Amino acid sequence: MSDPLVIAGREFGSRLLTGTGKYDTFETMREALAASGSEIVTVAVRRIDLDDRGDDDITAFLPDDVLLLPNTSGCETAEEAIRTARLARAGGLPDWVKLEVIPDPRYLLPDPVETLRAAAALVEDGFTVLPYVLPDPVLQKKLEEVGCATVMPLAAPIGSGRGLKLRDAIRIMIEQAEVPLVVDAGLGSPSHAAEAMEMGADAVLVNTAIARAGDPVAMARAFRLAVEAGRTALRAGIMEEGAQAVASSPLTGAVHQP
Amino acid sequence: MSDPLVIAGREFGSRLLTGTGKYDTFETMREALAASGSEIVTVAVRRIDLDDRGDDDITAFLPDDVLLLPNTSGCETAEEAIRTARLARAGGLPDWVKLEVIPDPRYLLPDPVETLRAAAALVEDGFTVLPYVLPDPVLQKKLEEVGCATVMPLAAPIGSGRGLKLRDAIRIMIEQAEVPLVVDAGLGSPSHAAEAMEMGADAVLVNTAIARAGDPVAMARAFRLAVEAGRTALRAGIMEEGAQAVASSPLTGAVHQP
Amino acid sequence: MSDPLVIAGREFGSRLLTGTGKYDTFETMREALAASGSEIVTVAVRRIDLDDRGDDDITAFLPDDVLLLPNTSGCETAEEAIRTARLARAGGLPDWVKLEVIPDPRYLLPDPVETLRAAAALVEDGFTVLPYVLPDPVLQKKLEEVGCATVMPLAAPIGSGRGLKLRDAIRIMIEQAEVPLVVDAGLGSPSHAAEAMEMGADAVLVNTAIARAGDPVAMARAFRLAVEAGRTALRAGIMEEGAQAVASSPLTGAVHQP
Amino acid sequence: MSDPLVIAGREFGSRLLTGTGKYDTFETMREALAASGSEIVTVAVRRIDLDDRGDDDITAFLPDDVLLLPNTSGCETAEEAIRTARLARAGGLPDWVKLEVIPDPRYLLPDPVETLRAAAALVEDGFTVLPYVLPDPVLQKKLEEVGCATVMPLAAPIGSGRGLKLRDAIRIMIEQAEVPLVVDAGLGSPSHAAEAMEMGADAVLVNTAIARAGDPVAMARAFRLAVEAGRTALRAGIMEEGAQAVASSPLTGAVHQP
Amino acid sequence: MTVRVNGKEQPVEAGETVAGLLERLGLGARFALVERNGEPVERARYEEVRLEDGDSLVVARPVAGG
Amino acid sequence: MTVRVNGKEQPVEAGETVAGLLERLGLGARFALVERNGEPVERARYEEVRLEDGDSLVVARPVAGG
Amino acid sequence: MTVRVNGKEQPVEAGETVAGLLERLGLGARFALVERNGEPVERARYEEVRLEDGDSLVVARPVAGG
Amino acid sequence: MTVRVNGKEQPVEAGETVAGLLERLGLGARFALVERNGEPVERARYEEVRLEDGDSLVVARPVAGG
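Chains as they are written, first to last, in this note's numbering: chain A, 1 to 258; chain B, 1001 to 1258; chain C, 2001 to 2258; chain D, 3001 to 3258; chain E, 4001 to 4066; chain F, 5001 to 5066; chain G, 6001 to 6066; chain H, 7001 to 7066.
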């Protein structure tokens, strides 16, 4: 049966969003994105260094049928994020934005106040806004109220691969979510992604765990399978955890019984 | 690339073993087994009640191409388990046995001493023995020494669905395993199965989590995907967990930078 | 050796702060507070119901030598919290305030934006402000910048007794704290409090786990011991966790060795 | 109120057992043992190297009023352990023995079969036997049946300091224990010890975490406090963990309410 | 003349002080916190501050809380 | 003559085989496992093995289990 | 006349368009994003917008990121 | 005559006791545990037990351990 992810009225068949960072080559990235089945792919926006044009144009390696999602990485204030989003849109990127406002270079955690401020302004300006936040159910409600299209809490510090360390706060966000909840950052392996989906996350966003795997293409496929496994399990109805042991074979009629 | 599970020289394409207990109907069981892709399926052995022949013959609902694995559930001593295994073999079931010796009806945990004794005798008698044990790396070595074909530690009490609660002991068993390590009992959801496979388990055995799901057929499929996801990830090389945050976007060249 | 907790220049011998809520009787509360050794004790502020004066005056049961810390529980906006704090101070309570701004009655989680706004205003107005927050290292920095005397992240939802569920975020807050970090809410047992202190929290605040214990007075003593144990361990230098086993007895010279 | 630990009919005021291994000096060990309040102290038994008498006689540094508990470390079979225990007793050490049978030098995990065999023989020979085991509730019952005075499951691999990693199996052992349950090995910090006591362990045995601390004497005191905290909490009645948040302040009568 | 205390009408005599009102309300012995027309009243001024017709008062106190 | 099957007396005719007994018990179509006087009977020999008076039989089968 | 591009002086001919500049900079083929004097320039207008002396431009592009 | 102590040959005088040997080995003051020909020797009998030619002894002691 069909079970699309719906963000801002647009349907997506895949619940695995992927980033394009940290791949060894664009060729590997292209193959991994294909293997992931991802339909939403993030990119960053940076100045061109005129003295060093650097590597090829990433857009040449991105499938045409995916939604490019520019992020505002590198921005430390609402103003910088708004400026970056508007530049990306004017230049021909979609009017969707993965909103990141990260003041601290050490822990790379998002700023709740600036993120909320930027989100309100960008929604006002016609953007479809997907904000990246620390798991905070109260902030989630505020972001929903200003019109964000999703809320994207981190599972653990970005790039750490530690999994759902802040599970208790994310569980509350899932319970009360009114727009899709996307777990973003910190997922290190497919089992982490499957757990997030089983908990009821609407989607997950993965970058480092795929890009830095020994074999990124195989790992992309593994995450694709895990996300589908977790979503399927949620819909199939997962058994209740019990404290007690319960036999799976009959308790009577053993061969030796008189 | 091919990556078969090899037990006692026999190759299996699927790393998901399933039990047949606790399904509402044999029809549902048949569909779920098919959806699971499982090639090894456990059954129990019980006396026929002559006054109440009970339900249909389960074998009529089991695919011909799977290996039926009789278990010794209900046995509390080595002798009872040996007797049950020999009866099953003589009557036409395979000479493979899932060895369970469980003295305690409350916690349903296996007896390490009786299990070892029965394993040695059954191997001697020509059986391919797959013993069910509490995670115990020293017992594992003894079972390998007497010639067991796998060792099958439980993740958590059977039927509890609590997942890899005894992870630290299982990790050691995986490190030192010389025959396939199958995580059996206690896995409650696909993410649990994926984690076991990512840790390096050779296979998992699942029953209650599938049979008692809201939709057992869909859940069987979810476990199949999760086992493949976990195995694929292990072979692809999972990123190291880190304590620190690491950016997935470039650290320089932000739009606002002078 | 002396190791006082210093908040806003004032020294406290005890690192266990306690709440006064949920005790069956004020007599039990008085005994428990004494057993806890606590030197900072929270109270709420509420209107007097003129038709039902209710129970006795709590202040009659509070030791003279503790610092009464009025909280702003019941406030859903910065304005309500500021109003409550100013009323308490004018009426003779200390100019210290445990700042709580909690809009949502279901999860009882604090509002980061309103809390920051109220904190800035109250510091401006001469209060010593101890804000209660979800663990958020970026918000912590903002609260420190506006002059808060401590930051008090919750370990888990208030009253849940679940312990350090948001450990990873609290660990970062401890690493970067410039004012005392007090773990507040969610600690269910002394081992939770000891763990928080071992991680480097400067203090913990406990209410429900003591007040709702079978024997609140004994539990207060248990928390007192645990906080001292955890703090002492931190200063004594806790061993590194290892993945490997390391013998505690000599590896050679066994009796049976030739 | 008095709450002694009773092993084999003998009462002990302290529930913290300590080992003597891995201290930098015997002087530090002596002070740490005193600070721990421990009344049961383990020693190993080794051949004297006639060419190198080695350090001083440890017994000169051990308080007279503690029970010396010789262990059988270094023994890989039941026979070796029995021989070591009998030599220790004949030479004037107590007829109590911490039974360790550890075949594998890498993981240092005990052998369930040999340990059971040695335990039965030593009880028969008049010893008070305290066996060291992997957490295994079925083995526990067998050890109780042959007359062991305690059962001592490890929390995690010895020397790892990882804490109660095998919590689920230990919880079952505590539920069904008929002789004192002592958590031995793997506890890395006082909060680990407090948690074990809160779970209902009768005592804990600690060595590495104290001996290898930056300040072993202070750490010994910290463990003493933590064990008392955990035991006191257990007896005081620990609150139930809840999934929901529950306010600790009144829900009505806020100042701002009309 | 009358004032409102915690939302309820209360008759008061001309020139009555905050302290006097608390006394009459039986709150003299209590640790009472007083807000008058939205502004907190300093405890030190309970004896001085005289109520006026139509004043709106909040009378609160510390209670058990976490 | 009689034998015991799963603890219950069963009359059988002289020279009846295991297969015959299963047939009479309505188990012919079933996947039956048979133990005779404590020893398992090979399926291949169900037709040959003749019961004797006083034999004690266990008749079992595979059932759902984990 | 001159403009600043990403902080560096660049000589441009009078009346040169954004598209022309990108071409001269060898960025014609690139997916370039352009901001002029703090305001983003719509891609559709790269051909129309004529640079003026002293303009300050930012030229950016999408890059790999998470 | 000679005995083996912890695997090493040791000359002893005829009739020497366990206690005497420990003394000569400089272990008199130590908390020594003694096994003779595979059997433990009771501390109370160190003074009585006389060594014989070819005896095999193990001399051990308590050491630091967990």
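Read the hints as simulated data drawn from the structure, not as lab findings. Heads up, some of the hints might be wrong.
[Said to hold, decoys possible] Pairs of lysine-lysine, DSS-like flavour, derived with a Cα cap of 30 Å:
(1) F:K5008 - B:K1022
(2) D:K3022 - H:K7008
(3) A:K22 - G:K6008
(4) A:K22 - C:K2022
(5) D:K3141 - B:K1141
(6) C:K2141 - E:K4008
The structure presented is a predicted model; accordingly, all values stated were derived computationally and were not measured.
>> Need the list of violated hint numbers for this structure, in ascending order.
In response: 4, 6
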